[in-house]
Amino acid sequence: MILHVLANGGPGGTNLDPLYGKVLFWILAVLSVSAALAMILVRQAVHCALMLAVVMLSLAVFYAMEGAPFLAFVQVIVYTGAVLMLFLFVVMLIGVTSVDALKETIRGQRLWAGLAGIAFAVLLIVGIGHAAIGTAAPTTSAESTDNLTGLAQLIFTTYVYPFEVTSALLITAALGAMVLAHRERTSPKLTQREVARRKIQSGQVAPEPPPGVYALHNAVDLPAMLPDGTTSSRSVSNAVVERDVQLSRHPQAEITSDLAAEQRIDTERELEAGASGKGEAQ
Amino acid sequence: MSPAAYVFLAVILFVIGAVGVLVRRNAILIFMSVELMLNACNLAFVSFARMHGNLDGQVVAFFVMVVAAAEVVVGLAILMAIYRARRSASVDDANLLKY
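Chains A and B are the protein sequences, given in the same order.
Just so we're aligned: 78 in the working numbering is position 77 of the first sequence, and the numbers increase by one with no gaps anywhere.
Just so we're aligned: 262 in the working numbering is position 52 of the second sequence, and the numbers increase by one with no gaps anywhere.
Derived from the structure by calculation, the hints contain no laboratory data.
For clarity, every value in this text was computed on a predicted model and none was experimentally measured.
Careful: at least some of the hints might be erroneous.
[What the hints assert, rightly or not] Chain B regions said to be covered by chain A (calculated; three or more residues, Cβ under 8 Å):
id	region
1	229 to 236
2	268 to 282
[To be verified] To list a few chain A residues with every Cβ distance to chain B over 12 Å, as calculated:
id	residue
3	E67
4	E105
5	I107
6	G115
7	S188
8	S236
9	A240
10	V241
11	V242
Idealized CB from N, CA, C, for every residue including glycine.
Produce the complete structure using the sequences and hints provided.
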């Protein structure tokens with residue numbers, strides 16, 4: 002259906018069947034508003050980013066329905082593709098601790114923000130309700146060409162000066178990001194020889210033991226089980242441990258509460274004890 | 211649908227974004243709410259363009275997208291710098307100018 006919408010995207014609106022348009026509008030309106038609400042209510046930053054992606058993709062379909070196929074594609078490519086991925090990168094970098102704090106620093110902030118939001122919405126809706134927003138105007142001769150040609154003509158004639166200024170803005174933004182993200186190196190870079198020497202001196206040349214993925218469970222946050230039945234915390238990556246703490250999971254406790262594992266360890270210990278006892282008796 | 215319906219939807223999304231800016235304490239999430247507000251504005255611009263039957267509104271929406279992309283790049287770089295200095299992305303912790 003979306004392809005159908007895009008194919009019919011003329012400059013003055015779409016030739017879409019009005020019923021199709023209505024159904025699509027209401028479905029996507031409900032979807033985008035509920036995703037936006039979820040975005041400001043959900044605690045995890047990653048979930049917020051995904052909700053924002055839902056809103057942006059539905060906005061892209063709205064643009065297509067409103068006769069702006071070029072903007073629909075730019076919305077998907079620039080916003081959902083680039084901006085949101087940038088957000089996700091930063092969330093992953095700052096990531097683990099970026100759960101929003103539940104504590105209010107200003108008392109009653111949420112309540113007042115909600116009230117202000119409702120008042121703002123009422124103000125805007127009443128204001129726009131009083132304004133005369135007509136139906137879609139018929140296409141005039143100036144934009145009877147297709148959307149892309151019309152946009153290009155406008156950008157490179159009427160709006161050519163803002164367009165050129167935009168390039169300066171983009172270069173400035175790129176330079177600014179590079180300057181802000183740059184970190185001075187305070188110590189000289191380690192050579193390969195120094196890295197090797199440090200490794201030998203640390204006493205552990207081999208890599209850390211792998212986690213107990215296939216030993217008892219199918220998860221990397223479970224530590225490896227050593228031959229004596231104890232577990233090795235060194236086999237689990239620190240990031241995974243941090244994540245477990247954040248989600249208040251206790252894989253270590255899970256291991257000891259796992260009856261099958263306990264029984265197996267017990268029987269193995271009994272067997273060992275029996276074998277060693279037999280050896281001593283002989 | 212008539213352009214008015216789209217404008218009302220844009221208003222609702224804009225207000226949700228504004229409430230998000232007021233409510234959230236994490237700087238990344240505040241940024242996301244600002245993005246939502248910019249998107250809502252774009253939707254209104256496109257609707258107005260359709261209402262008037264010309265493409266100027268779409269050009270403005272295009273420029274808004276470009277400026278928003280630049281803003282996000284610089285904003286997130288600042289956020290990274292603050293995070294590096296304070297080990298926190300919360301706007302409550304960035305209070306160095308207070309003393």
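In ascending order, which of the hints set out earlier in this document are inconsistent with the structure?
-> 3, 4, 5 and 6
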